[in-house]
Amino acid sequence: MMEKQNTGTQPVLQAVNLTKRFGGLVAVNNVSLDIYPGEVVALAGDNGAGKSTLIKMISGVYRPDAGHIYLEGREITMASPLEARSLGIETIYQDLALCENLDATVNIFLGREPTKRLLGLFKQVDRNLMLAESNKVLDRLDIHIPNLRRPIRQMSGGQRQAVAIARAVYWNARLVIMDEPTAALGVPEQRKVHELIHTLKRQNVPVIIISHNLQDIFAVADRIVVMRRGHKVGDVPAGEVTDDDLVAMMVGSA
Amino acid sequence: MTSRTLPKTSDERLVEAGLLKRLLTRPELGALGGAILVWIIFAIIAGNRGFLTLQGTASYLEVSSYLGILAVAIALLMIGGEFDLSIGSMIGAAGATIAVLGSVFGVPLWLASLIALGVALLVGFVNGVMVIRTKLPSFIITLGSLFILRGLTIALTRIFTGRTQVGSLDQLEGYEVLRLLFGGSIPIGGANFPVSIVWWLAIAAVATWVLMRTRFGNWIFSAGGNAEAARNVGVPVSRVKVTLFMATAAAAWLVATIQLTVVKSADTLRGTQQEFIAIIAAVIGGNLLTGGYGSAVGAALGALIFGMVRQGIVYAGIDADWFQVFLGAMLIVAVLVNNFIRDQAEKARR
Ligand SMILES: Nc1ncnc2c1ncn2[C@@H]1O[C@H](COP(=O)(O)OP(=O)(O)OP(=O)(O)O)[C@@H](O)[C@H]1O
Ligand SMILES: [Mg+2]
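Line by line, the protein sequences give chains A and B.
So in our numbering, the last one in the first sequence is 264, and the numbering has no gaps at all.
So in our numbering, the last one in the second sequence is 360, and the numbering has no gaps at all.
Some hints here could point you the wrong way.
Claimed, not checked - To give an idea of the interface, some chain B residues facing chain A are shown, with a C-beta separation under 10 Å as derived from the structure:
1. Thr218
2. Met222
3. Arg225
4. Asn228
5. Trp229
6. Phe231
7. Ser232
8. Asn236
9. Ala239
10. Gly302
Derived from the structure by calculation, the hints contain no laboratory data.
Where is the CB? At the ideal position from N, CA and C, for every residue including glycine.
All chains, full assembly: derive it from the sequences and hints.
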């Protein structure tokens, strides 16, 4: 199941010696991380270990106090999440991601809507194109959402995640980051998100997933990176560790 | 406990039901029903006293048009998640600016009106920037501007003219231009329909097109729905909101200019309480105070209801003192009905 994709190929993302301090607290301490094409990396660790802070540096929310980030070999600095997104780093949060009062197609295109001219004069949104393109990308991801014109508010948690992922894929994400994507979902919906991550993987899009849920981790991850108190304390292929190993690394009793 | 699953078909009726449902879930549905109901009520109790005549129709449409211009602009702002309590004061301020420039400084009235538009846009800009910068609720900021603007208007007008009202504006240079644009009326079947009605309908139409069909419309909804998420995908949320504040102030200027042209005078107290009535009209029209949901057509219909009740009471011979009672009661009933419709619509879609 696990082939080594790592050898020979260039990493999509390299984080080198990233450090982030909040006052006296070192939330992330000299952490390095490589992500390869089509790889799913789970970020594990106890509460407060520094997982969210690490990915927020990668997604442009925080500027690292020290360290470098390389995307496909080129060093990048990002002043905002928007810049990260324009570079192809798409982050999906459980709640912050979508406008719930708008429908799926508008959410997929929000801020980047295609337009056409009415009577050759007035620029207006090309809704038919948006619907057609939305259907295409959802089909490609094997997502079935009845009635795309419903506001997101009326969709299930799994469908919302699916829309957010579809948006990332449509805009050619080079790396997808998910912070606790299944935290608020029921079991069938969690499974749907797992399937979507596998689909992304098949399309060679690498995924970083933060989760507290060991089932999540073992269901999707190729590699598991463990953090404890700001340090990276483990980086292991998912096939080579057990639940117990992981917990031991997380709490530091190994 | 057996559940039958129907086979999936591409049945045409499903599509039609979808369309019908979409109509039934429109925010303005309640206001449309309300407008028809109010018209029927007054047609019955005041139908033989002139409510149904063309002149009667013109009279309630004129009342509706002033309010409608404000309500449509307020509706866009509310959908964008903000609020403006200063538009009533802005009406007084714009009118006083035109009158003082014209009567004291000898500026041609059409030019004075353009300058007043500039002032209004500046006020809207400042309101918007203050809300964005301070992160205070727009309710607080614009409540402040409500009093500042009104106070400034009265104080400055008194300094320049020694009074708080300025009359005989039709004697001033450049009035004719204003009269052509804002003071005319269209005769239909012996009744005169003021041109303000045309402004109202045109603004409602443009606002509806912007909301439903343009990128800016999407951005208004997203700003009111989830500003954070919208910002993250690149929507210029601050610019959208500031623009909406400016549009609202411009609507107040338009109403001020039309009124000034029609009555040929300015009064520093003009527009008092109009902010509440405009918000009520927008809410009756299905716009949510919490933002992210609503329609311009709804706000225009809310203004129509208001105009029909205000004039209908007069035609019915009911003491006009009762108007406020109606207005308050209508607001509450309308919100309950709108909520009920929204709930039903959402249930039906599940
Ligand atoms: N904006 C901030 N200001 C100050 N301290 C912060 C900030 N964000 C995080 N921290 C601190 O940094 C440490 C790491 O936090 P982080 O959110 O990265 O942990 P986490 O691994 O994501 O935890 P969880 O699993 O609970 O989400 C914690 O001690 C936290 O209190
Ligand atoms: Mg976290």
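Outcome of the hint check:
1. Thr218: With a minimum Cβ separation of about 12 Å from chain A (threshold 10 Å), the hint on Thr218 (chain B) is violated.
2. Met222: 9 Å, holds
3. Arg225: 5 Å, holds
4. Asn228: 6 Å, holds
5. Trp229: 8 Å, holds
6. Phe231: 6 Å, holds
7. Ser232: Since chain A brings a Cβ to about 5 Å from Ser232 (chain B), closer than 10 Å, the hint holds.
8. Asn236: Nearest chain A Cβ about 5 Å off; hint holds.
9. Ala239: 5 Å, holds
10. Gly302: 4 Å, holds
The structure shown violates just one earlier hint, number 1.
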